[in-house]
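Chain B: place on chain A using the hints.
Quick note, the sequences are listed as chains A and B, same order.
Each residue of the first sequence is one higher than the one before, counting from -7 in the working numbering.
Each residue of the second sequence is one higher than the one before, counting from 59 in the working numbering.
In case anyone wonders, no lab produced these hints; they're calculated from the structure.
Small disclaimer: the values here were computed from a predicted structure and weren't measured.
Since no wrong hints were added, every one of them can be taken at face value.
A short, non-exhaustive set of chain B residues, derived as facing chain A with CB atoms under 8 Å:
{"hint": "1", "residue": "89"}
{"hint": "2", "residue": "105"}
{"hint": "3", "residue": "160"}
{"hint": "4", "residue": "259"}
{"hint": "5", "residue": "266"}
All C-beta atoms, glycine included, are put in the ideal place defined by N, C-alpha and C.
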Amino acid sequence: MGAGHAHTLYVHGHSRIHRLAPEIKVASAFSVVVAVAITPREAFWAFAVYGILLAAVTAVARVPIGFLILRLTAVLPFVAFSFLIPFIASGSEIDVLGLTVSVEGLWSAWNILVKAILGATTSILLVATTEVSSILQGMGKLKVPQVFISIAGFMVRYLELIADELGRMRNAMRARGYDPRWVWQVGPFASAAGVLFIRSYERSERVHAAMISRGYHGSMPDLGSTRARPADWVVAAIVPVAAVVVAVTALVIPR
Amino acid sequence: MHAPDGFLNAGTAVATGAISMGTVGMALRQVKQSVEDNQVPLAGIAAAFIFAAQMFNFPVAAGTTGHLLGGALAAILLGPSLGSVVVTVVVVIQALVFADGGMTALGYNILNMAVIPSFGGYALYLGFRRLLPVSASGVVAAAGLAGWGSVILSAMAFSVEWLFGATAPVSFAEVFGAMVGVHLLIGVGEAVISGLALGAVLGARPDLVFGAADLSRADLSRRRGIPVRTFLIGGLMTSLLVAGIISQFAADDPDGLESVATETGIVQGADDQIFDSSLFADYATAGIENESLSLAIAGVAGALIVLAVGTGILAAIRLRHDSATTV
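Here chain A stands alone, though its shape is the one from the complex:
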């Protein structure tokens, strides 16, 4: 699980990339990830080019390398299982460092690992240069249904609050000696989850009442967000277009 709070994912800055309209950044990030995903795994050069492109974006955005690596290490345990594939896969085998592994399995592990890292880096860069509320706004401009955007907006806004509430409940349980080690001790935790749902629901009722009293009727007002200019699209298109060209080249040239 990606634990942590949304605002710690953002690196404050005023770089060219920070200033780009969010819909441009969301569309670009998505195109880059698609390009990476369709690239054949034998095209090592293509993955190197993606790496360079992302490094360039990191440099222009002035996102500290340490921050990027720290965030990546939080994501990587979730692809750790790909290291198992060479051992369980079938096919011809080779010896690597004294271990017998499947050649095809190694290729697959490499494929999943490199694509997962490049994909995660892209989304980390997107969030590091764009506040979450702007990302949602950008998704709205890209024709994602408004109800969906509103729900996601509420979720992001209340996530921290509700996670804190769960943390406080957990502390209270610990203070009273609840320290579960086995799954049959899960009872109190589950009841706490139920109580948390009730508290969340009742909070949503209060929030809704407060919003109605301030004139809410179905959608949030747009607070002067600017439309992306065509020139911005052209400048921002450099990276995703380069990535797509690389992917298509890698697909077309004989291997």
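Leaving out everything else, chain B in the frame of chain A:
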């Protein structure tokens, strides 16, 4: 279950993406039509609740932990349509903002974690409700069983997707056996938490439970506590039994499979990876002694999933019509 980018091939990603978009789009339209705007803050805060509950790991046995998936619980608390929308929001934000699960893997991640557990889990819940007594404990037990079933449905769905979009030479039978086997046990945790959490809500605010709207006050007061230990031991026994049965016919001789694979020396040409013209990924069926048996298992699993999800969707549509006519 959060699959990263490039885990399944491009065709499977696009196909599952289309299915997910269609189903969630339908659920969104329904949510918009049938409810007032106060469902929007509710859905958002419920999504934050699911997200927070997923972050909180609970112990399974010394050293290992698990976490709630929450699709079935969300569907029973909020209704299948709103429940699936809420979990979809969680999965999308996890991919986009927390880099947890790939952006191009969203199609299958939404299908496996939001659509199938919500609609399939809700259909299972309705089924178990018919078998169990109309009382608070009946609802709690049905929710637990639906939670368990939703996790297994989701594991089956993943294996079937692997059959079409495998990117590694691990056969369908192996993936199916491992995924369903492991999730039979993981599902027990999901069952206990879904059941008990629902019981807590039912005890304090029964009016908030969508799936228990039919219960009267008298029904609700008829509750008999089920000891967690009994529930768990029963669940584990059933899981082991089912796992035993499945392993009997899914892969009766895994060593045999491996030896055949090495003897025949299946080395796939790597060049037909993406634009593979065959319907099934070569990897998933490679090295299987009895390909038709695998396909039969996949077919049965696929039919079960479609049946459960379809029933859930039908139930969601019917519920809306009912409420429209009575109001």
